[in-house]
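Q: Below, each chain spelled out in residue letters.
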Amino acid sequence: MQDWNVLLVDDEVEFVSTLAERLCLRGLQVRTANDGEEALQSVASDQPDVVVLDVMMPGMSGLTCLERIKADYPHIPVILLTGIGSTKEGLEGMRLGAFDYLMKPLRIEELIGKIGEAMQKRPPAGKVE
Amino acid sequence: MESKKAAFMGKITAGVTHEIKNVLAIIKESAGLMEDLIALSKEDSIPEREKFDRSLSRIRDQVTRGVDLSTRLNTFAHTPDEAISSVDLNAAVVQAAFLCRRFARLRGLALEARPGDDLILVKTDPLGLQMLLSVCIDLMMSVVPKDATITLLPTGSGGKRIELAVAADGSAANVSGEGDVRDCPGWSPALEIAGGLGVTLEASGAPPRIVIHFP
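In order, the protein sequences belong to chains C and W.
The first sequence begins at 1 in the numbering used here and counts up by one.
The second sequence begins at 1001 in the numbering used here and counts up by one.
Everything labelled a hint here was simulated from the structure, so no lab data went into it.
Treat the hints with caution; some may be incorrect.
[Said to hold, decoys possible] Taking lysine-lysine and the DSS-like style, the derived pairs with C-alpha atoms no more than 30 Å apart in a straight line are:
hint : chain 1 : residue 1 : chain 2 : residue 2
1    : C       : Lys88     : W       : Lys1011
2    : C       : Lys70     : C       : Lys88
3    : W       : Lys1123   : C       : Lys88
4    : W       : Lys1123   : W       : Lys1160
5    : W       : Lys1021   : W       : Lys1004
6    : W       : Lys1011   : W       : Lys1123
7    : C       : Lys88     : C       : Lys121
8    : C       : Lys88     : W       : Lys1021
9    : C       : Lys114    : C       : Lys88
10   : W       : Lys1004   : W       : Lys1123
11   : C       : Lys70     : W       : Lys1021
12   : W       : Lys1021   : W       : Lys1011
13   : W       : Lys1021   : W       : Lys1042
14   : W       : Lys1005   : W       : Lys1123
15   : W       : Lys1021   : W       : Lys1005
16   : W       : Lys1004   : C       : Lys88
17   : C       : Lys88     : W       : Lys1005
18   : C       : Lys70     : C       : Lys121
19   : W       : Lys1021   : C       : Lys114
20   : C       : Lys114    : C       : Lys70
Here chain C stands alone, though its shape is the one from the complex (with noise of 0.2 Å):
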């Protein structure tokens, strides 16, 4: 676990900052970001071995980060984060390749255990050129 490499991508500050101090506690290597086009810079900058991203976000939606993820890094798994009446873009983002979905508020040690499943799962890293 101590060295996966995650990104945390929700515009509510706050939830993501503290999500990452206790992803940290856990032993993981977390960075955050606040909205899609500040996420797809990350990737590019540092690839994530997992991305966490919230579904609702203004300005670029996250199925839209999604899919551009996805489109340029396949390898990266993406876990959505969906709050209510929110289930359908979950489902939707599965569709478009996301590997799961989990419901906010969330247990942390589901989160771990879903980036720990994504881990192993995890294809090799190969960019779309």
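With chain C fixed as given, assemble chain W onto it according to the hints.
A: Okay, now just chain W, sitting in the frame of chain C:
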């Protein structure tokens, strides 16, 4: 205009419940971080550690309660999405019992939905049905004795219906009630709502009972 108002209320409520859930998520993570830090600290380094643990546990429980409430409110907010839709009477009574639970508690009463396992589908106005159930619950609450439990039982066989009655336990087995719902001021409005939905109401006074019959 009335349906547009209902749709507007529903849309705004759905949006706000989403925001409330985000707030609860932040509270949950913050409490979780405090739990993590306490767990990592040396045994005697935090005075009144048990009080911290208890308070954090309370925060966790209330967040769970808040999530349940906002999820159910969000479901209710989407009720006016379609003027007429296919409604499962089991889900309808569970929702009605939840929405009216507080009003019952304030009167020293309890509400108990008794959904079955099989779907009982009717084509109706979902918001209108919730209104009718709420009015019927109110009527029952005005005639049953304190500490009684009002049950909501949907049935599919022999005609689709929802029966509101008083739970028969040792103390309430011979409930005669404090009146007949048909004598209450709310009965005429209930009949009006029922007529608008195309359903019929049947009631009795000893013991108090209301049945909503669907076509």
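Q: Could you check the structure against the hints above and give me the numbers of any it violates, in ascending order?
A: Of the numbered hints given earlier, the structure breaks just one, which is hint 13.
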